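Build the full structure now, drawing on both the sequences and the hints.
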Amino acid sequence: MTIFEQQIYYVLKQIPKGKISSYGLIASMAGYPGYVRQVGRLLSNLPEGSTLPWFRVLNSQGKISLTGADLERQKQLLIQDGVAVSEAGKVNLKMYLWQP
DNA sequence: TGGTTGACAACCA
DNA sequence: GTGGTTGCCAACC
Numbered sequence: 061m062t063i064f065e066q067q068i069y070y071v072l073k074q075i076p077k078g079k080i081s082s083y084g085l086i087a088s089m090a091g092y093p094g095y096v097r098q099v100g101r102l103l104s105n106l107p108e109g110s111t112l113p114w115f116r117v118l119n120s121q122g123k124i125s126l127t128g129a130d131l132e133r134q135k136q137l138l139i140q141d142g143v144a145v146s147e148a149g150k151v152n153l154k155m156y157l158w159q160p
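Residue numbers (this note's numbering): 61 to 160.
Treat the hints as calculated values from the structure; they're not laboratory data. Predicted model only: the values in this text are computed from it and were never measured. Please note that a few of the clues may not be correct.
[What the hints assert, rightly or not] No farther apart than 20 Å at their CA atoms in a straight line, the calculated lysine to any residue pairs in the SDA-like style are these:
#1 K154 x Q121
#2 K123 x G109
#3 K79 x A144
#4 K79 x S146
#5 K77 x G128
#6 K77 x F64
#7 K150 x S125
#8 K150 x S110
#9 K77 x Q136
#10 K154 x Q98
#11 K150 x S120
#12 K150 x G91
#13 K77 x T111
#14 K79 x N152
#15 K77 x P160
#16 K123 x T62
#17 K73 x Y156
#18 K154 x I139
#19 K150 x G128
#20 K79 x L126
#21 K77 x S110
#22 K73 x Q98
#23 K79 x T62
#24 K123 x G91
#25 K77 x V143
#26 K123 x K150
#27 K73 x T127
#28 K77 x L157
#29 K123 x I63
#30 K77 x L131
Written out as structure tokens, the structure reads:
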């Protein structure tokens with residue numbers, strides 16, 4: 061467990077229900093601007109049973125970066141969160157983007 | 001040691 | 001809005 065990971069997890073836990081954020085934003089808020097790809101790698105390695113709201117993280121276009129079954133899973137979780145997600149796995153950033 | 005890859009971002013046409 | 005290019009940094013060959 062590195063400081064970097066702790067920071068990412070910390071920021072992740074701050075995202076309120078019904079809101080979403082982006083990889084770049086997460087990385088920046090954690091104090092590591094430019095480490096977007098590490099954020100993605102970190103989330104991809106999260107255990108399935110994790111309580112972290114990893115599904116509230118989208119790319120800068122407000123779109124889910126996953127494909128196939130994984131995309132569907134994340135889409136469902138977001139909808140359960142009260143976030144409107146299009147068929148393509150895209151959300152309205154104007155309405156749901158979270159930034160303190 | 002060096003090249004490739006990736007749940008990305010910012011730019012530009 | 002879409003598609004290509006470049007920058008980015010650690011993890012993996």
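Structure-based check of each hint:
no.	hint	result
1	K154 x Q121	holds (11 Å)
2	K123 x G109	violated (23 Å)
3	K79 x A144	holds (10 Å)
4	K79 x S146	holds (15 Å)
5	K77 x G128	violated (24 Å)
6	K77 x F64	violated (24 Å)
7	K150 x S125	holds (10 Å)
8	K150 x S110	violated (23 Å)
9	K77 x Q136	holds (14 Å)
10	K154 x Q98	violated (26 Å)
11	K150 x S120	holds (11 Å)
12	K150 x G91	violated (27 Å)
13	K77 x T111	holds (13 Å)
14	K79 x N152	holds (10 Å)
15	K77 x P160	holds (14 Å)
16	K123 x T62	violated (28 Å)
17	K73 x Y156	holds (16 Å)
18	K154 x I139	holds (17 Å)
19	K150 x G128	holds (14 Å)
20	K79 x L126	holds (19 Å)
21	K77 x S110	holds (16 Å)
22	K73 x Q98	holds (17 Å)
23	K79 x T62	violated (27 Å)
24	K123 x G91	violated (23 Å)
25	K77 x V143	holds (9 Å)
26	K123 x K150	holds (4 Å)
27	K73 x T127	violated (24 Å)
28	K77 x L157	holds (11 Å)
29	K123 x I63	violated (28 Å)
30	K77 x L131	holds (19 Å)
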